[in-house]
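Trainee: Sequence:
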Amino acid sequence: MCSVPGFPTPGSEVPVLITGVNLNSRCGLVELWVNMDDGREHIYEQMREEIQIPKRKFDDSEGKPGDHCLVCIRSSWHRARIVSIQSEIYDVFLIDQGRPHTTTSEALAYGQSDSFLLPPEIESCILANLLSNENNWPERATKFLKSLPGKKFKGLVQDVLMPDRIILLDIPIVSKHICKGGVLKKIPADEFKGLVLKCLHLPKGEDSENCLITQEQSMNVSCQLEKHDQYFYPELLTDTAESVYVTEVINPQNIFCKLLIFSKAVKILSEQIHQHYEESSGLGLVQPLTCGDVCAARGLNGRWHRSLLKQNVTGDDAVEVLHVDEGITELVPAGDIKPLHGKFLRMPVVTYRCSLEGVKDQGTGWTTDQTDYLKSLLLHRTVIAKFDHHNISQDVYSVTIYEVLSSLEDKRCTDVLDNVNADGLQEETLPDSKSLAVNGWTEDVPSSGAVDIHIHKDGPEHPDLLIQSNGHLSSGFHSEVQNDCGNGEITVGSSFTVNVSCIESLQKFWCQKTENMYSLRLLMQDLQEHYASVHPQPLTESIFVARNPINDMWHRARIIESHQSPVVDVRFIDNGQTQKVHLRDVHPIDPTFLRLNAQAFQCCLFNPNNPTSPTAVAWSDPALTEFQKFVDSGASSDFGLKCIVKAVTSDEEGLPLNVVDIETPSDSACKRCAQAEAQSYSYSTYNIEVGGQEKVWVTSSDSVNHFYCQLDRNSRMFKKVMDSVKQLVGQTRRTDHPLGLQSICLARYTDNQWYRGQVVEITPKLMVHFVDYGQTLVVRESDIFPFPTEASFARSAPVQAVPLGLLGVPEEVPQEVNQWFADCAINHSLTISVVAKGEKGKLIVELLDGSVNVNAEVRKMISQMTQQKMPADQQLYKNAKHATEDRLMQELMNGSGLKEAEQNDVQCDNGLCAGGELNMSSVTISSVSAAEIKHDQTAREGRNQDLDVILEEKETVLAETFIQAGSSDSEASQLHSCPEEGVKICMYKRPNISPNMPEEVYASCIVGPDYFWCMYTNTEDLDMVSSLALEAGQAQQDITFPKTLGQGSPCLALFSSDNQWYRAQVIRKTNDTFHVLFIDYGNECDVNIKNVRPLPQSLLEKDPQAFLCSLNGFDESKGSWDDNVYDDFYTLLVDKPLKVTAIHIGDHSEIAVPQYAVQIQCENMIVNDEMLKYWKPVATEHVTTQNSRTENLPQDSQTVSSETNLDVSMGNANTCMRKNPNISKNNKEQVYASCIVEPHYFWCQYANTEELNEVSRLAQKAGQAPQDVMFPKTLHPNSPCLALFASDEQWYRAQVIHRVDDAFHVVFIDYGNECDVDSKDVKPLPQVLLDMAPQAFLCSLNGFVKSEGSWDEESYDDFYNLLVDKPLELTVLNMEDHSEIAVPQYTVEIECDGVDVNAAMQKYWKPVAKESVLIGNPQTETLRQDGQAPNMTHLSVSKGHMNTDTYKEPNISKHKTEMVYASCIAEPHFFWCQYANTEELNTVSRLAKEAGRAPQDEMFLKTVGPGSPCLALFSSDEQWYRAQVIHRVDDAFHVVFIDYGNECDVDIKDVRPVPQSLLDWAPQAFLCSLNGFVKSEGSWCDEAYDDFYNLLIDKQLELTVFDMEDQSEIAVPQYAVVLECEGVIVNTKMAKHWKGLDTSHASVEVWDEPFDLPSLVEQEDEEF
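The opening position of the sequence shown corresponds to residue 222 in our numbering, with each subsequent residue numbered one higher.
Take the hints with a grain of salt, since some may be wrong.
Okay, derived cross-link-like pairs now, DSBU-like style, lysine-lysine, Cα gap no bigger than 35 Å in a straight line [to be verified]:
| hint | residue 1 | residue 2 |
| --- | --- | --- |
| 1 | 867 | 986 |
| 2 | 729 | 407 |
| 3 | 485 | 397 |
| 4 | 867 | 1081 |
| 5 | 1587 | 1669 |
| 6 | 1081 | 729 |
| 7 | 1675 | 1710 |
| 8 | 1541 | 947 |
| 9 | 1669 | 1770 |
| 10 | 1494 | 1669 |
| 11 | 947 | 285 |
| 12 | 1677 | 1723 |
| 13 | 1710 | 1723 |
| 14 | 1323 | 285 |
| 15 | 1210 | 1063 |
| 16 | 564 | 581 |
| 17 | 596 | 276 |
| 18 | 1723 | 940 |
| 19 | 1567 | 1482 |
| 20 | 801 | 1063 |
| 21 | 407 | 596 |
| 22 | 276 | 916 |
| 23 | 1290 | 1063 |
| 24 | 1323 | 1081 |
| 25 | 1541 | 276 |
| 26 | 1675 | 1853 |
Here are the computed distance ranges between Cβ atoms for each label pair [what the hints assert, rightly or not]:
| hint | residue 1 | residue 2 | range |
| --- | --- | --- | --- |
| 27 | 981 | 715 | 40 to 46 Å |
| 28 | 914 | 538 | 57 to 63 Å |
| 29 | 1554 | 1333 | 29 to 35 Å |
| 30 | 1803 | 234 | 37 to 43 Å |
| 31 | 1217 | 1487 | 30 to 36 Å |
| 32 | 831 | 1670 | 31 to 37 Å |
| 33 | 611 | 412 | 34 to 40 Å |
| 34 | 535 | 287 | 39 to 45 Å |
| 35 | 1278 | 1475 | 53 to 59 Å |
| 36 | 541 | 746 | 37 to 43 Å |
| 37 | 801 | 335 | 52 to 58 Å |
| 38 | 746 | 804 | 24 to 30 Å |
If you're looking for bench data, these hints aren't it; they were derived computationally from the structure. All C-beta atoms in this analysis are idealised placements derived from N, C-alpha and C, irrespective of residue type, glycine included.
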């Protein structure tokens, strides 16, 4: 018996700890949860510790059933698997506890990929060979079983059942005790296993009582459970009709019909069954043996089916089975019969055996001709069958089939039916008239049993499509037309002649079978005739007829998108084209026209470069052009086009998508397009999905609606592209391929670098589109050459620039906004949230910069700029008013249905409000692009008071609303059109507030100082408004009104807390809910769509009784509020009479209401002054404040108060920058050295300390401001701040270098020293301190270039002693930015006490010939001393030694053979070799162990950076080895052990400096790659890695070096080598695993011939 990995071996004895017992198990079994003590407790303990740090938490709707996850229970994380998701509730199964748990997404997280490798700590077992004798557990058994958890036993593993992971466990002592009491009965092991398998696969919900096996039953398990696994056939209602698909015709008494409504479900189930049994072995399951058993059987077509045994299985012979979903009986080999998994029993069988009602064989049987005739009429056709009655004993339904002909069958079919009847298919008459229910339709049917079919002919050519039944148009056919040109006709491998009818892209085009074109022409003729004079009717089905506006012809169509307007997008199902069609040209389809299946089927061109995922990589435009040419040429030829189906999949909407190739006798579209693609770049969607988020780098911008980015996750791919481009540029350039339009090329950009490009214009100027950046520029002819034809990574890699557009911004945007966006976005890392996909791969996105929503900022800027242009628009209106007034009035009065407007109750609908009495004194005007308004006038049918007015104008449309005014004229206000919601013109008036005039008010809704509402203390108008609102709210609900509402629309809304109606304004819509603002109070809430009503004109005329305010004098862009302000501000205002004076007015950016900046007087106190102490001014340019406005009760007229839950979140983009030091080139400065590290890194401070003293004084004052808990969240590298220096508890100006956990590593810019500062000890810098230049500056000695030498070890002490505490004369010669800490660094000459310091340090300088030396600058903490003024005289200047040491290079010569072993093998392009002679290695190891005993050097750790040498402790053997740092990971270094090649993370406490003695020894291992395989020209197949490892491991190798280059990631040389092992050339051996991009140019051709090392050496010598 075979063991299962992760489980104990069957037959083995294991110690178990029982953790749980299931007393509710089905079938009378005892289920146990046990912990098997196999010595792995420490492993699980380690796993439990590791999962306490999840990878990341779930977002709101992440995860799907079956996913692994971590769940937090009582502050601890546990492994789990998602079982189901209901709304926000997740049901999970705790893997290591063996129990379910219910939680929410907030408690779920993703674990690391290796967190789920261990099997469950708790396993599920069934107590072996024991079965309950009773239906209910007796009390004595319950008591005993409940006592088992917590006890340890020895158990015998009897079997392991997969895939259910159930262990059959025999615990003899438990079995003996429980059987002794007579509670359970012992049964044979084989029968017990069969019983368990049966129980495991029972359908869900099966009553456990049906599964219990009592004493009265036979212990033959196969008989006991024979009736449990049976198919379920739902009983059909008789005397009703159903659309069915005939799957099998044996004779008139044996016809199998499948309910058409379940066709899709059956098809999905069929695919699942076939996939399940193709992938699973079925081992461990009991094979069905008995006649009547359900099973899965492989049919003669090679597919698996749900089946039923029709005879016993006695051996390996063929067995007769019935495929229940098809009604087909076949003989199949016994080996092709498997148990049916219980999950496939859950769906009922909907294929029924039927018998033609009234048709008998008269005792003579049925002839072959008769059944063949019947098959030709019915088999594989969709018909309507009336189920007359059910013969229960024979389980057969008697049916009458009313429609047996498709719409285009000719008279010959009728003759066939007559012949069948004449040969014995007798009829039986039905009652004269019956009503049949067919898919919800009720129609009269003819009185004869077989349909009386009369084919009316227009002429001798063809029969009319309108098949008559007793002279009436038949509507008994189902209303939904079949897709894909028939059921099952399009299968993989099939081919047919086609016409390509519509091309959207090579991923989406439509074809028609030419064999059906005649039928389609007849259908189109009949459609035109029938719908020539049709009247509008309600649209109730999904298939319609629509008039194509291009050719004015009627087509069958499906609506694919509605725009909440009279225009819809439709797709014509017979040619695939899409059009915008007015609803007046869309009508219901007569069911007769649905008999012909949809003639266009959706296709995607097979992509040979990506055969497994044809839609993942988009074809290029040249390929699309080539495809169009190919189609046009093929269609005009005598042979036509042949379509070959390569695969069948589905598109993003779940519709069938056929992956095809289109061929002619001599060519194929796939081949032609691939050739065109070879002359163009490939494009990829990069699997970006709608709703997903991506980190991006914005590369170029034409406008906010069209800009480009690169994906952050593609950075490595882009680097490979650029490396490949550099290689291509260095090659000889070919001129035999002239450049043409759309030619791909390499072009030089303005930075003098070469990039991939494409020619987009040749004359008058040569213009190139840089495809990886999205930018198009004019270039010189000398800066461009054709793309080399040879294979390269740059040629094959997809284009990196992804086109984007912002969501929710107008098409036309002011150029100033586009320029601002480009300046802010380009070359910045941002986040996109994908909302929709546009044409040509463009993504419509929300753009996020941290917490700042860029879309909102853009909309805000557009709104502000539009307001600034207001006076000009008003003047335009005044000039045009008289010229347009009469015309507009005439058009309004001429509109259809407008006479009813005299009833004085015209509602807002689709963007227009009109009053009953039109008054010219109040006008609201909006300029609307003519393209945004559809040109039509229509009145909604059946509603006199509803009105749509759509105005037509060639250039500009002025939409006016006339609202009856009060005693004074209201101001004309500009409306902002919303392209998504339409132009909403009816609006509330503005509050009657005058600037600088005090108002007596109460605060009605308080969120914070920047967002609160005030209500007049005089409530007379409010009382009237409330009364009118209550009356208007009693009106009957108008179901069409909510559809007219958009953002900013006025309405009446029901407030759920008091069930009263109030005036409101829509903020946004979410599903069936409006989020509204109650304009007379200021609070907001969600209101169900059924609880909104139209607003009568009388309520529109009343000013809002509340108005939105913010405290004057506090500009959000220049500061932020302390968290304590909200409670105090609320307490100051609530329930108190206030005197409010409006200083100025603006519009709120989000909710389309005016907002007043006010001064408030409360109880003789100016609130604005009182709030000053909470204001924190900053110099940020953009501060985004999100106001959380919570639901609040509108108050009655007597009491004006407010209850508000405050939850204000703020995000400050800390972008303020400090000034540079005031230093001039070549001027001498008197300074002191304030922080000395080494000659290339030291800070100087001005000798004059007056300004420093002032800075210090202001810093101490600013440091007394209250703590702002939000401020640290805004800090990032280079941010300025105030920081508390722990040594003297004083505040100093600082700049953030990086964050370390809950601390910031900062540099004190007035001194130069660095240290870590806790996040609670940083505060914002006031503007006055930002305006003062730093008092110290970073320096480097002139005359010593880092890359050309290094300092002697003694230089550091001598340099320190030369400078410390001495006045210096300093001259700046040059300036550049320091690469690590973002401050300028000055190259200087220093004179000290008459000594030229630069000259004095020359003796310590060691020039080297190396091309590059990596030097890291240590930044060490400098302690400040106590004292009054923290100037240079009170500083203890620190010094630090830079870790500039490097290892020597390995002692390897080119073309010299070395004997080595492979010490670390990753893959053929990355492996390390170690010298076979280990004498030096032994010495190095001994010295390393000794040096590792040295105490830890805290200062050394600060000098360590990428490339630094060190000693590192290898945790596996606790030994010290030489290493080199690759990068830092939190509190650890990732290092490579240079004498072996392996890498690991080492805790910072486990690294030590490398003594000079160990630096003098060359590394004993070196990095290699196999020579002859260029990465950019191919890749390794999957088998290469294992074969390469086995070839090299533990074997002595002969190695010859052919080339050397620096490895880019770990800063060590890498050698291209040839290896020989046991007489085999490894390079030659590995050539079979190499996949070149272009086989004609693959670099591995060198290995096609027998390997000759000497000749190869000569070849390499010639090259070098």
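Trainee: Please verify whether residue 867 and residue 1081 have alpha carbons no more than 35 Å apart.
Mentor: 51 Å, violated
Trainee: Does 37 to 43 Å hold as the CB distance between residue 541 and residue 746, or does it fail?
Mentor: About 50 Å separates the Cβ atoms of residue 541 and residue 746, which means 37 to 43 Å is violated.
Trainee: Confirm or reject the claim that residue 611 and residue 412 have a C-beta distance inside 34 to 40 Å.
Mentor: 38 Å, holds
Trainee: Quick one, are residue 407 and residue 596 close enough, alpha carbons at most 35 Å?
Mentor: 56 Å, violated
Trainee: With respect to the beta-carbon atoms only, verify the hint that residue 801 and residue 335 lie 52 to 58 Å apart.
Mentor: Given about 53 Å between the Cβ atoms, the range holds.
Trainee: Just to be careful, I want the Cα atoms of residue 1541 and residue 276 compared with a cutoff of 35 Å; is the pair within it?
Mentor: Distance of about 27 Å is within 35 Å: holds.
Trainee: With a cut-off of 35 Å on the C-alpha distance, tell me whether residue 1675 and residue 1853 pass.
Mentor: Holds, at about 27 Å.
Trainee: Residue 867 and residue 986 were given as a pair; does the straight-line alpha-carbon distance stay at or below 35 Å?
Mentor: 45 Å, violated
Trainee: Quickly compare the C-alpha distance for residue 276 and residue 916 to 35 Å and report which way the hint goes.
Mentor: Holds, because 18 Å separates the two Cα atoms, which is no more than 35 Å.
Trainee: Hey, residue 801 versus residue 1063, does the alpha-carbon distance stay inside 35 Å?
Mentor: This hinted pair holds, its Cα atoms lying about 22 Å apart.
Trainee: So if I understand the rule, the pair passes when the alpha-carbon distance is 35 Å or less; does residue 1081 with residue 729 pass?
Mentor: This hinted pair is violated, its Cα atoms lying about 38 Å apart.
Trainee: Could you say whether the range 57 to 63 Å given as a hint is met by the Cβ separation of residue 914 and residue 538?
Mentor: 60 Å, holds
When held up to the earlier numbered hints, the structure conflicts with 1, 2, 3, 4, 5, 6, 8, 10, 11, 12, 14, 15, 16, 17, 19, 21, 32 and 36 and fits the remainder.
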